[in-house]
Amino acid sequence: MSRLAGGVVLVTAQEAPLDPDDPGSPEGENAGMTATAFLSVSLEPPLVLVSLRTGSRMDDLIDEQPLWGVSVLSESQRHIAGRFAMKGRLSDRLLFEDIPYTRGEITGAPLVGGALATLECRTEQRVEAGDHTLVIGRVLNARVPSAEGGPLLYFKGRYRHLN
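Numbered by this note's numbering, the letters in the sequence shown go through residues 353 to 515 in order.
Among these hints, one or two may not hold up.
To be verified - Label-pair restraints from in silico Cβ distances:
hint, residue 1, residue 2, range
1, K508, E476, 30 to 40 Å
2, R495, A389, 33 to 43 Å
3, H513, E476, 11 to 21 Å
4, L492, E416, 27 to 37 Å
5, R474, S354, 24 to 34 Å
6, S394, V496, 26 to 36 Å
7, S498, P398, 29 to 39 Å
What the hints contain is simulated information worked out from the structure, not anything from laboratory work.
Built from N, CA and C at the ideal position, the CB exists for glycine as well.
Start from the sequences and build out the full structure, keeping to the hints where you can.
See the structure below:
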């Protein structure tokens, strides 16, 4: 499968507040992961699919909190993809420390500045598939904040860009 080129996205979510009924309750932490197994499933209704390693932090979070975001990374955002793909990585708070982002209007998920496109999604279905969970999400909001640059791709174990 390393011979199949794939686009690179950052899947993000925000943990729910500790006490949703208390406006002073601290926000939950941001979480994110790099994904290359991401695709459009349907235009009507608008559905996308992402494959998450079963039991991963993101799989557990999206199971508990069904609102999440996707930032389609540009070729200049290789460093972001690498940071969020690291095993035994930094704490979630440090992962986002110097990355510009805005909060999704609907989901509250961090959406990366300079991304080619951003999506806000709500989980519609989860399918167990071997050691991964296929999460199908309904697109609630889509934006094209940046039309500059090409896509970041993953091919033969390395990040690439179109020539």
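Results of checking the hints against the structure:
Between K508 and E476 the beta carbons are some 33 Å apart, a value that agrees with the proposed interval 30 to 40 Å. Evaluation of the 33 to 43 Å hint for R495 and A389 yields a failure: the beta carbon distance comes to about 22 Å. The hint said 11 to 21 Å for the Cβ distance between H513 and E476, and at roughly 32 Å that hint is violated. Range check, L492 to E416: Cβ separation about 18 Å, and the 27 to 37 Å hint is violated.
As the Cβ distance of R474 to S354 is approximately 32 Å, the hint placing it in 24 to 34 Å holds. For the hinted restraint 26 to 36 Å between S394 and V496, the CB-CB distance of approximately 20 Å leaves it violated. Remark: the range hint 29 to 39 Å for S498 to P398 is contradicted by a beta-carbon distance near 20 Å.
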